[in-house]
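Novice: What follows is the residue order along each chain.
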Amino acid sequence: MARALSLYVETNTFLQKLDPMVKLLYILLSILLPFLILPYRVVGLTFILISCLLLLYGKVFKKVLPLLGFSFLILISIVIIQGLFMQSNRTPAFTIDGLTFYKEGLLYAWTLCIRVLDVLLAFALLVLTTRPSDLIQSLVKRGLSPRFGYVLSSALQIIPQMMSEVGSIMDAQRSRGLETEGNLWTRLKAFVPLIGPVVMSSLLETRERAMALEVRGFSAIGKKTFLFDTEMTLLDKILEWVLGILLLISIIVRIVWL
Amino acid sequence: MVVKKTIVVENLKYRYPNTSKLALDSISFSVDEGQFVGIVGKNLAGKSTLCEALVGLVPHFYKGAYGGKVVVDGVEVLNSSIGEMARHIGIVFQNPFTQITAAKLTVYEEIAFGLENLGMDRVEMVKRIDYVLDLLGLYDFKDRNPFELSGGQMQRLAIAGIIAMKPTVIVLDEPTSQLDPQGSEEVFKAVQRLSKEGVTIVMVEQKMEKIAQYADKVMLISEGKMIDFDSPQKLFSREDLENFGVEPPVFTTIAKKLNVKDETTGLYPVTIDEARRLFSL
Amino acid sequence: MNLVDVKNVSFAYSENNFVLQNISFSLQKGSVAIIGQNGSGKTTLVKLLKGLLKPKVGDVFIKGINTKDTTAAKLAKTVGLVFQNPNDQIFKNKVLDEVMFGPLNIGQSVDEARENALRALEIVSLTEKSQENPYDLSLSERKLISIASILSMNTDIVIFDEPTIAQDCWGKTRVKDIVRLLVSAGKLVITITHDMDFVGECFERVIVLNKGKLLLDGSAKDVFSQEDVLSAAYLEPPYITQLCHQLHYDEVFLSPESFISYYESHRQKKETNDAKH
Amino acid sequence: MGKKSMWSLSFSTPVLVLIPAAVGINYVGKLFAQLLKLPLWLDSIGTIIASMLSGPIVGAVSGAINNIIYGLTMDPISFVYALTSIAIGLVVGIMAYRGRITTLWRAIVVGLVVAIVSALVSTPLNVMFWGGQTGNVWGDALYAYCIAHNIPVWLSSFFDEIVVDIPDKVATVVIAFVIFVSLPKRLIQMYEGEETLERLD
Chain A
1 MARALSLYVE
11 TNTFLQKLDP
21 MVKLLYILLS
31 ILLPFLILPY
41 RVVGLTFILI
51 SCLLLLYGKV
61 FKKVLPLLGF
71 SFLILISIVI
81 IQGLFMQSNR
91 TPAFTIDGLT
101 FYKEGLLYAW
111 TLCIRVLDVL
121 LAFALLVLTT
131 RPSDLIQSLV
141 KRGLSPRFGY
151 VLSSALQIIP
161 QMMSEVGSIM
171 DAQRSRGLET
181 EGNLWTRLKA
191 FVPLIGPVVM
201 SSLLETRERA
211 MALEVRGFSA
221 IGKKTFLFDT
231 EMTLLDKILE
241 WVLGILLLIS
251 IIVRIVWL
Chain B
1 MVVKKTIVVE
11 NLKYRYPNTS
21 KLALDSISFS
31 VDEGQFVGIV
41 GKNLAGKSTL
51 CEALVGLVPH
61 FYKGAYGGKV
71 VVDGVEVLNS
81 SIGEMARHIG
91 IVFQNPFTQI
101 TAAKLTVYEE
111 IAFGLENLGM
121 DRVEMVKRID
131 YVLDLLGLYD
141 FKDRNPFELS
151 GGQMQRLAIA
161 GIIAMKPTVI
171 VLDEPTSQLD
181 PQGSEEVFKA
191 VQRLSKEGVT
201 IVMVEQKMEK
211 IAQYADKVML
221 ISEGKMIDFD
231 SPQKLFSRED
241 LENFGVEPPV
251 FTTIAKKLNV
261 KDETTGLYPV
271 TIDEARRLFS
281 L
Chain C
1 MNLVDVKNVS
11 FAYSENNFVL
21 QNISFSLQKG
31 SVAIIGQNGS
41 GKTTLVKLLK
51 GLLKPKVGDV
61 FIKGINTKDT
71 TAAKLAKTVG
81 LVFQNPNDQI
91 FKNKVLDEVM
101 FGPLNIGQSV
111 DEARENALRA
121 LEIVSLTEKS
131 QENPYDLSLS
141 ERKLISIASI
151 LSMNTDIVIF
161 DEPTIAQDCW
171 GKTRVKDIVR
181 LLVSAGKLVI
191 TITHDMDFVG
201 ECFERVIVLN
211 KGKLLLDGSA
221 KDVFSQEDVL
231 SAAYLEPPYI
241 TQLCHQLHYD
251 EVFLSPESFI
261 SYYESHRQKK
271 ETNDAKH
Chain D
1 MGKKSMWSLS
11 FSTPVLVLIP
21 AAVGINYVGK
31 LFAQLLKLPL
41 WLDSIGTIIA
51 SMLSGPIVGA
61 VSGAINNIIY
71 GLTMDPISFV
81 YALTSIAIGL
91 VVGIMAYRGR
101 ITTLWRAIVV
111 GLVVAIVSAL
121 VSTPLNVMFW
131 GGQTGNVWGD
141 ALYAYCIAHN
151 IPVWLSSFFD
161 EIVVDIPDKV
171 ATVVIAFVIF
181 VSLPKRLIQM
191 YEGEETLERL
201 D
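Protein chains in written order, with my numbering: chain A, 1 to 258; chain B, 1 to 281; chain C, 1 to 277; chain D, 1 to 201.
Quick caveat, the hints were computed from the structure, so don't treat them as lab data.
Just so we're clear, the structure is a prediction, and the values are computed from it rather than from any experiment.
Wrong hints could be hidden among the right ones.
[As the list claims (entries may be wrong)] Listed next, the in silico DSS-like pairs over lysine-lysine satisfying Cα-Cα at most 25 angstroms (straight line):
#1 B:210 - C:172
#2 C:94 - C:77
#3 B:210 - A:224
Could you put together the complete structure from these sequences and hints?
Specialist: As structure tokens, then:
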């Protein structure tokens, strides 16, 4: 049976217990700091290193690799295309099979690699070590409307439910003689009979689900309570302050330097 | 002793937006506290609309045109919001799947959803959840994901989520129609238990044998009008029942054809026990 | 030639976790109900008959053709399967178009398909709704539309998956009529169902599955008289049969009609006996 | 009973329930496209239907949430492309509100507009993260050809994106349109217009 979508890995380290807001702040820092404090590549690499160490510590490093998969392919093609064709390419670096790679292009590709890895690893830290429901509850406590919190958490659960219908719809339509294999046009034609029932029934269900929510006080006015209310630890608070101040200082430094 | 009326409906009329026909037409009745009322009638007769009117979805969710008065547990539905009504009356729908809020990862948290919305104190919340888990036989599933339950279990969870809010009345709109016999039986048992706890029950149902077995009174609805509201024996003994698209329990059908009646009451049998008594040769 | 031959079939979704074990039976035209608790393997068996799944061990032959040698889409001309949830298949905005989808897929001309679709809608008594949007209709009407969309393909074998669930009285009566009509037209009708009253009234033969094994296979009357075996498989006989048992009748009845005629003849006998005394 | 204002920010409960369903439709569309081995993504059908049903704001929110969910569960970089999804939701919502999507031809035109807007929004993101590439083999081949022939990076990147977007977005809008016209009336009514309560005494 399909469960809620999530990349969360339960390893019970300190990272899993950390307040999600601290991790969000860390992401913000790792994206902005390389731009605020130059040189970009050095700061970026530092963050990549920190993220890697944290991921190792959180026992989730192995789970990062599949996340990098798709980006990795593009990054390789970037190295090739920019190394070969970038317009400001002047200084040849090396030649393979008659193809000349240039220093400028390779350096640019290197910068892009750092940028992508920096962002990717920081986010990986969040998504691999945080239960999505904890992240949402944490945001709701800090002022995100609970109704939007609902949208996020229900999407995480509804999507796998909808995906699990895919098999029975395929079966039902193939039973009525729908061909799902063959040339492009045949396959394209099969798309509407397959997606149609999903759209219709899921939209139709919205009415009853909306009513079911209403009768359980979803639109009730007044303060909500939480069944599980986790308080921020002292460490969470300290880290939040440290990261916040760090961000502030670097912004100030940047402004003063300019 | 005067029995409290938990539901009082007076001359209720209702029309859905963008339609011309009245979905409910001049309906008046009242229900005593703790009673089990069955509602029968054919498709689109107005059964679901009446249920929605009792909990306030009509007119607050649907709008449209509304007349008359519905008072539940002393509160007039028209002057109250759906959320406020939730403390007095709850509803369970046909499809168990759509009633899962989808916002919670465990059965335990799912039951808390309504209580959190009402801003309930955590100690009270935990007390109530434990109570309904036990009442509806869901204790063993409390840490499961709601979507991993069977249809019957999901439907009991939907009931649990409503009962945790401690309403005086619970309305069930064909809660077993999409379940297999095992799931239906689970739900009927659960509803029976609620009835014993003193909850007033209003249940729309197609399985007449079950209604005959459990209900104190049965309401017959046709084309938005209330045709009859009486004991199951009297209502199912009506000779014109088929005209309203309702087939009585199979025992009653046989007895009608064979003209086997209870001599003292002059009524046909509606349950297997009554049938056994009257049919023994 | 048998319409369906199931020969020593076993099936597992994952390695060695068999949901069906060594099932064999043959089916001719007529009506067969496959019953059993949840998880007994009913749905898997039906998917095997439709060619949506292929047996791990053994073979399934449909009109002599091994399902391993063909596809579900190709089998659509011979075997129609009505799924339990109509919302898994309905996607057109007009009832008629929806019912014509299957016939057009299996190569019928538009005129032919329309003719078949209209005939199918007549059978399910929804002719007057042919121009409406299926999703504007009730769930029980949608279930009848999904039945019509299979009937319009005019297959020799029609399989129903829980046709009476989510049906009101009117819809249930329609389904019973449809089954009788198909049988009298010389088709093979197979159903998987939990509704024993439906089985008792409409089906000649009953196959009982329990935990993936074939528990009973015989006439409805024989199967339902074995109350001990049924209760071991967590199944209850129809209400009428239960009443017969409670009244300690020596014979078993499956439908109200047969009960009525039995009771009447006995009442008469008793009356004449009483009169004699 | 007039139509609701296009920019209404009131999210009724049906609308809040619609958004996860829309995101789910996006996911399922993508899955079916993969199962049928189609050379298209078809992963924004839900966003577009939500826009048609409930306007640009709801469409934009559905788009944003789609990418947030995708980022949380599949590929963190897709957080950034929430901007593209938001733009798609807005464009379709505005055009639907103005009544542009009434025939198949108009759906194709809307598809083209969506493709252009989506490419315009994605291009700067592509340049920032990927030096202008998209990861699509055909698009990237065109990109390499362009920059090798001294066409500016921005333009090359735009070409890279748009050759992929045109077939995909046109197909997506057309499919969404075909399904939208099939939706039952009572469903469309639930999402459009604010009803008022009338007394019957």
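Novice: Next, verify each hint and record whether it holds.
Specialist: Results of checking the hints against the structure:
1. B:210 - C:172: holds, 17 angstroms
2. C:94 - C:77: Since the Cα atoms of residue 94 of chain C and residue 77 of chain C sit roughly 23 angstroms apart, the hinted pair holds (cutoff 25 angstroms).
3. B:210 - A:224: Between residue 210 of chain B and residue 224 of chain A the Cα gap is close to 39 angstroms, so the pair fails against 25 angstroms, i.e. violated.
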